[in-house]
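**Q** Each chain, letter by letter, is given below.
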Amino acid sequence: MSLKINPWRLLLKAGILFAAFNFAFTMLPTSSGNSVSLYNNLVPGRERLPFGENPTDAYNLSLFDIDAMFASHIISDGLKSENEYRVVIVGDSSVWGTLLRPEETLSGQLNALNLTNADGKNIQTYNLGYPTISLTKDLLVLEKAMEYKPDLVIWMLTLESLPADKQLTAPLVSHNPVRVRRLLADYELKLEFNSDALTHPTFWDTTLIGRRRSLADWSRLQFYGVMWGITGIDQLYPETYEPAKIDFEEDNLFHDWAPSELPLEELAFPVIGAAYSIAGNVPLILVNEPILISDGVYSDIRYNYFYPRWAYDQYRNVFSDMSLENDWVYYDYWDIIPVDEFTNSAVHLSVAGEEILADIISEMILFEAAR
Amino acid sequence: MTITQILILAFLAILLGWLTRKRQRVNLLLTASVLIIFWLQPALPLRYLDFFLPTFSIGFTVLAWTLTASPEERYKKETKTSAAITLGIILLLAATRYLGLTNFLTPTRPPAIGQILLLLAIFTVGAFLLTRQRPSSSNTLLWAGFALLVAFFIILKTPALVLIASRGWRLFIGQNANLASSSDIHWLGYSYLAFRLIHTIRDRQSGRLPDLALGEYLTYVIFFPSFSVGPIDRAERFIKGLRQPENSYRDDILVGGQRLLLGLFKKFVIADSLAMIALNPLSSTQAQNSLGAWILLYAYTFQIFFDFSGYTDIAIGLAQFVGISLPENFMEPYRQPNLTLFWNNWHITLTQWFRSYFFNPFVRALRKSRKISAGMMILISQLATMILIGLWHGLTWNFLLWGLWHGLGLFVQNRWSGWAKVRIAEASISSRAQRILSIFGIMLTFNYIALGWVWFVIPDPVQGWQFILLLWGAA
Chain A
1 MSLKINPWRL
11 LLKAGILFAA
21 FNFAFTMLPT
31 SSGNSVSLYN
41 NLVPGRERLP
51 FGENPTDAYN
61 LSLFDIDAMF
71 ASHIISDGLK
81 SENEYRVVIV
91 GDSSVWGTLL
101 RPEETLSGQL
111 NALNLTNADG
121 KNIQTYNLGY
131 PTISLTKDLL
141 VLEKAMEYKP
151 DLVIWMLTLE
161 SLPADKQLTA
171 PLVSHNPVRV
181 RRLLADYELK
191 LEFNSDALTH
201 PTFWDTTLIG
211 RRRSLADWSR
221 LQFYGVMWGI
231 TGIDQLYPET
241 YEPAKIDFEE
251 DNLFHDWAPS
261 ELPLEELAFP
271 VIGAAYSIAG
281 NVPLILVNEP
291 ILISDGVYSD
301 IRYNYFYPRW
311 AYDQYRNVFS
321 DMSLENDWVY
331 YDYWDIIPVD
341 EFTNSAVHLS
351 VAGEEILADI
361 ISEMILFEAA
371 R
Chain B
1 MTITQILILA
11 FLAILLGWLT
21 RKRQRVNLLL
31 TASVLIIFWL
41 QPALPLRYLD
51 FFLPTFSIGF
61 TVLAWTLTAS
71 PEERYKKETK
81 TSAAITLGII
91 LLLAATRYLG
101 LTNFLTPTRP
111 PAIGQILLLL
121 AIFTVGAFLL
131 TRQRPSSSNT
141 LLWAGFALLV
151 AFFIILKTPA
161 LVLIASRGWR
171 LFIGQNANLA
181 SSSDIHWLGY
191 SYLAFRLIHT
201 IRDRQSGRLP
211 DLALGEYLTY
221 VIFFPSFSVG
231 PIDRAERFIK
241 GLRQPENSYR
251 DDILVGGQRL
261 LLGLFKKFVI
271 ADSLAMIALN
281 PLSSTQAQNS
291 LGAWILLYAY
301 TFQIFFDFSG
311 YTDIAIGLAQ
321 FVGISLPENF
331 MEPYRQPNLT
341 LFWNNWHITL
351 TQWFRSYFFN
361 PFVRALRKSR
371 KISAGMMILI
381 SQLATMILIG
391 LWHGLTWNFL
401 LWGLWHGLGL
411 FVQNRWSGWA
421 KVRIAEASIS
431 SRAQRILSIF
441 GIMLTFNYIA
451 LGWVWFVIPD
461 PVQGWQFILL
471 LWGAA
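One line per chain: the protein sequences are A and B, in this order. The opening residue of the first sequence carries number 1 in the numbering used here; numbering runs sequentially from there. The opening residue of the second sequence carries number 1 in the numbering used here; numbering runs sequentially from there.
These aren't lab readings, by the way, just hints derived from the structure by calculation. From a predicted model like this one, the values you see are computed outputs, not experimental measurements. Check each hint, because a few of them may be wrong.
Taking lysine to aspartate or glutamate pairs in the EDC-like style, the calculated list, with each CA pair at most 20 Å apart, reads [stated by the list, open to error]:
id, chain 1, residue 1, chain 2, residue 2
1, A, Lys245, A, Asp327
2, A, Lys245, A, Glu325
3, B, Lys157, B, Asp184
4, B, Lys157, B, Asp460
5, A, Lys149, A, Glu53
6, A, Lys245, A, Asp300
7, A, Lys13, B, Glu236
8, A, Lys4, B, Asp211
9, A, Lys4, B, Asp251
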């Protein structure tokens, strides 16, 4: 048997073809604004944005492609109906619902209330929370969420999401440098001092090889969508977990800042102004989310793991003043949840805690929806 | 094997294929195979065992060769060379402990040189004593070797026995016996090693085994492309390619490269993607409805095929690089119109092995008894063979049920075929109708096999039954 083919010539041709294909790939846009997805077509959309660090068991994964993330969400399921009053909730893991099933989260519980607005429209709430605490990360999500024509935006936030050094280090932010730089430029946000956190895409990053991670993530997201459809599972629910700390060291630092006054120039309040610009005519409500108020050792110094009392108290005062000054709609629900209704973090609520919060937020929505 | 390991092996095989065309073919392939079985052996929590197990693999192979080789072969010059190469490599690997090269080619730090020398001395003395055997005791020793291989096999495939063995090793080596687990021992390639050794032992007993030099025998048994995943080649077939490559180097590179790429695609693209949605013990309890359960099952059905046949393609491709054509193991098994043809095309070399060394002798023994009907003989022999194939995967209830499932399926199909063949011939049905019947047969066979995988993948038979009920909407 002789194949009459020169293997080295074959290898060379294959190499050239591969290189050509790779370079041709650079002509495809890195972000098309939409993403092809099995979700909402062959498999049901997810009730929260994809996030997970244990994909094989949780059937969920963390990725950086915001378009693919939204395409997998139930909010992308067809056009908004005439009879829908659409509410989107943006925020951190407390909104996303760590340790909670989709129906147990804030938006899940709000939907279970079957609220209607004054015009008789069904109030449909969408969970657009995403773990990691950073206002800029929320801004990225909010910007994308506006494409889905919400009637009301609720932004749950907390002091920990404000320090400027945290803004660009969230993985979702640092891996979306083009979007983030555009937001920084459009809204004149001065966060460049830690823009080293942003990745710097090169020409090679736009080739097929360079994009292999995002392509693999997209593919895995589709496969795990099948498992989500079959099992309804999108995170691990351990039988036990380490509860949030209520005893502390004698430590009154907040992000290396000692008591006196919070350095306002180091807090990303301007991001909230940018969010109002992005929301435009759509009402945007800011909610200072509930935190754990501990009653353990040194709780006279700290409210919880995140916050010394002096810093948090100042933040609330400043936030309230700034809201009045800028006409921001601001609700402060920091202390409405009993300490027993927090789970593994000072901002993660139990099912009962979410129920308490949902009752209050539902009143707020009905009030805002009637305006 | 990881993709990195496979690519390293591919590079090595291409280099070896070129180097071994003209000279030192057996010695170079033997050297590579010995090194690679140490390199591929996974790290184990039992101290030094991940060094001793590949050493045992080589030791057992040498003892089996001594049992099966003719006296003339034993004393050839090549035998001494092969023995020196093998011993030299093991000692060199052991020396990495003292050269600051730990984990270079072994998964963990090798044991002290004294312990290795002691083990090698035991094997050498064993081999020497076997050469002194009287011809009258030869057959007894061959049976003893066979029994020893099966005994190790039973231990490794029985979780409770692995646990006992792990405890024993921990006590022996001075580790905490309370930390022993039934997953502590993973002897890379033992199954295939045992199949090859038993094949040579049984063929020696029947006088069919060709003369093999020690180097050839060792290379056949621990040949690195097929050591851990098969196929199970026959010695006489393998040896032809080992002694003289059939094709030119250029053609081997082309054919092997094509096969390697196909295998990589099957394993790392298709099978690994399907693995994300394939049935497993956890997902079998999480599926919410019948449709979802079928998706999990079909995904597993294709995943196991692409995974296994992908690895086989990789092995065949790597072997082709060095000029050896391994036998095919999977030939469109899911497109077969009945279960017998499925087994003729699924893991072909394993099926052939069981046919040669269990089914045929067993049927002959049953025939001699002459007390049972032909139908009963078919039922018993097929059940026994398939149960053995099932238990080869592990001595647990679910694998027994899987074997039973296929044994019964083969029997029913055998009876049906005998009955239907005559009637179809009498009815002289059209070719179109025959095609429809064939398609129906393929679908029925495929789904029967797919359902059988439930027993294979879910260790708890009760849980497996629950899943089957869910498939039919009856859970």
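**Q** Decide, hint by hint, whether the structure agrees.
**A** Structure-based check of all given hints:
At roughly 36 Å between alpha-carbon atoms, Lys245 of chain A and Asp327 of chain A are farther apart than 20 Å, so this suggested pair is violated. Between Lys245 of chain A and Glu325 of chain A the CA atoms are separated by roughly 36 Å; this puts the pair beyond 20 Å, and the hint is violated. Taking the CA atoms of Lys157 of chain B and Asp184 of chain B, the gap is near 12 Å; set against the 20 Å cutoff, the hint holds. Simply put, Lys157 of chain B and Asp460 of chain B have alpha-carbon atoms about 16 Å apart, close enough for the 20 Å limit, and the pair holds.
With a C-alpha separation of about 31 Å, the suggested pairing of Lys149 of chain A with Glu53 of chain A is violated against the 20 Å cut-off. For a cut-off of 20 Å, the pair hint linking Lys245 of chain A to Asp300 of chain A stands: about 14 Å separates their Cα positions. Using a Cα cut-off of 20 Å, the hinted pair Lys13 of chain A and Glu236 of chain B is violated, with the two alpha carbons roughly 39 Å apart. At most 20 Å may separate the alpha-carbon atoms for a hinted pair to count; Lys4 of chain A and Asp211 of chain B exceed this at roughly 36 Å.
At roughly 8 Å between alpha-carbon atoms, Lys4 of chain A and Asp251 of chain B fall within 20 Å of each other, so this suggested pair holds.
Violation of the numbered hints given earlier is confined to hints 1, 2, 5, 7 and 8; the remaining hints are satisfied by the structure.
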